[in-house]
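Position one of the sequence shown corresponds to residue 1 (our numbering), numbered consecutively onward.
It is possible that some hints are incorrect.
Beta-carbon label-pair distances, calculated as ranges [to be verified]:
{"hint": "1", "residue 1": "Asp134", "residue 2": "Gly256", "range": "22 to 28 Å"}
{"hint": "2", "residue 1": "Pro54", "residue 2": "Ser139", "range": "21 to 27 Å"}
{"hint": "3", "residue 1": "Glu99", "residue 2": "Ala436", "range": "28 to 34 Å"}
{"hint": "4", "residue 1": "Asp431", "residue 2": "Gly138", "range": "20 to 26 Å"}
{"hint": "5", "residue 1": "Pro420", "residue 2": "Arg158", "range": "37 to 43 Å"}
{"hint": "6", "residue 1": "Pro420", "residue 2": "Thr214", "range": "56 to 62 Å"}
{"hint": "7", "residue 1": "Pro71", "residue 2": "Val318", "range": "17 to 23 Å"}
{"hint": "8", "residue 1": "Ser371", "residue 2": "Gly256", "range": "33 to 39 Å"}
{"hint": "9", "residue 1": "Arg364", "residue 2": "Arg137", "range": "26 to 32 Å"}
{"hint": "10", "residue 1": "Arg219", "residue 2": "Pro54", "range": "16 to 22 Å"}
{"hint": "11", "residue 1": "Glu99", "residue 2": "Ser237", "range": "49 to 55 Å"}
{"hint": "12", "residue 1": "Ser139", "residue 2": "Arg364", "range": "25 to 31 Å"}
{"hint": "13", "residue 1": "Arg63", "residue 2": "Arg137", "range": "14 to 20 Å"}
{"hint": "14", "residue 1": "Glu155", "residue 2": "Val318", "range": "44 to 50 Å"}
Keep in mind that the hints were calculated from the coordinates and are not lab data.
In this text, a Cβ means the ideal position worked out from N, Cα and C, and glycines have one as well.
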Amino acid sequence: MRRVLPLLLTAALLAACADEDLLATPTPIAEASIEATPAPTTRPTRTPTPAPTPRAVATARARAEWHRVEPSSATSFTDRIRTVVYDVDSDELWTLSAEDGSPYSLVWSPFSDLAIGTIWNAYEASDAETVLIDPSRGSVRQVLPFAIAVVDWPEPDRIIVRVGIVVGGRDGPEGWTRGLYELDLAGGTMMLLEVGDQFSGPHPQAVPVPDGSTLPPGRIELRLWPNDGWRSLVHVSPTGQESTLADRLADVVWSGSERRLATVTIDGDLEVLDLETAQSFTPGDGPHWSAVWSNDGRYLATWFSSRQGAVGIFDLGVPGTDWQATPVRTLGPFDATAFADWGPGATPSEALLLGDYCLPDGFRLDRLDLSTEEIRRIPTELGGFWVYDWSPRGDLIAVSSWDVGFELIDPDTGLLGDRPVLSAVVTTMQDVAWSAGGRWLALHDIGGRDRCNV
């Protein structure tokens, strides 16, 4: 999903800055510079911990219920349920809810149409549960007797989760503690990786330096220091020696392969690092607001805070590319646009750009060819809708429109499909997520239509 409106609103409030060169020369991250820059001593230091030991997870019959939503219950349904799953192929709505009607928030597996769910807003509730759902079979089984937050799903049966089962000083299930865990679905075990909340971000667990990298051996860790309130990227050697790679970070975005990362400082400076080649480059024309990687780590889209609605896309080549020999290709910037989503597939050939998002007469939705930079408009007659996500199948784009509410449109014709159940029950959506196969769509935060503020 791509949440673009808050970024554009923020950009509109910032003062315009003078343009600079969009791309700076890549520079190597020298081994000497890493070892010569120790982590500040005023911050807490980490001590080596023994290898974690897996422990069995006691499961029980899930209290959650998986059932189909009848269109006739649309009014009461939208008032009390905030999460549903839509079957695109059959135009059916399903919900996963607790005995008291509380909805479950869902995270899809990137490998199959499976989802893991926790009762909404129950991250620190000791009496919640976590379930695994297979919507095609309608099967629901409990995998944990408490709530979790999914951090990463790197393998089909391995999930990195955060556990926060302390409420008002009262511990949760006996023997468990706050921290980062690895959940093994096949073996039914959990392994504690880190205690507490030392790390923060989409990949808080340490990422090993890739084999063959010119970086020193060790790992890269993202730290959030509570006494400072900002993040640091730290290199840790096999002997435990620490040094800071980047500091005062507002955002750190890892590529899916964990071989590249983009860092944005609190001042809006953007730097891209390739951990295999130990090269980095700093795009100009900042300050930058945020960035998003394509699935394969080849493309990086960024928002420029210095322009009111401007997107730049960098073609970085495959991970391990020598940016000195093959310079990074720059696409754009594309003014008066917001980045909406990458096209389907592990290696996208297109990107979706949204322009004039709050002007019905000037609204546009464009498909950008990443190889030629050719822009092709989607000829939809809908006005003023918010783009959420392009289906993995490539046949649908999920949107919210103040003209017709939430719908799925054809990316070639811009036309709506015949989905009477979806149209009758769902109005606008705050958040959506496709399953890996593209058949199922998780819909979060059903709301009323609010012109340009969905």
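For each hint, the structure was consulted:
Hint check: Asp134 to Gly256, Cβ distance near 24 Å, so the stated range 22 to 28 Å holds. Between Pro54 and Ser139 the beta carbons are some 25 Å apart, a value that agrees with the proposed interval 21 to 27 Å. Checked against the hint of 28 to 34 Å, the pair Glu99 and Ala436 passes, with Cβ atoms roughly 29 Å apart. Hint check: Asp431 to Gly138, Cβ distance near 23 Å, so the stated range 20 to 26 Å holds.
Separated by about 40 Å at the C-beta atoms, Pro420 and Arg158 satisfy the suggested range of 37 to 43 Å. A C-beta distance of roughly 59 Å is found between Pro420 and Thr214, which places it inside the suggested range of 56 to 62 Å. Separation of Pro71 from Val318 is about 47 Å and departs from the stated range, judged on CB atoms against 17 to 23 Å. In this structure the supplied range 33 to 39 Å is violated for Ser371 paired with Gly256, their Cβ-Cβ distance being about 21 Å.
Taking the beta carbon of each, Arg364 and Arg137 are about 41 Å apart, not inside 26 to 32 Å as hinted. Taken as a hint, the range 16 to 22 Å holds for the pair Arg219 and Pro54, whose Cβ atoms sit roughly 21 Å apart. A C-beta distance of roughly 51 Å is found between Glu99 and Ser237, which places it inside the suggested range of 49 to 55 Å. Between Ser139 and Arg364, the C-beta spacing of about 43 Å breaks the proposed range 25 to 31 Å.
Distance hint check for Arg63 and Arg137: the Cβ-Cβ separation is about 18 Å, which falls inside the suggested range of 14 to 20 Å. For Glu155 and Val318, the Cβ-Cβ distance of about 21 Å falls outside the hinted range of 44 to 50 Å, so the restraint is violated.
The structure is inconsistent with the numbered hints 7, 8, 9, 12 and 14, although it conforms to all the rest.
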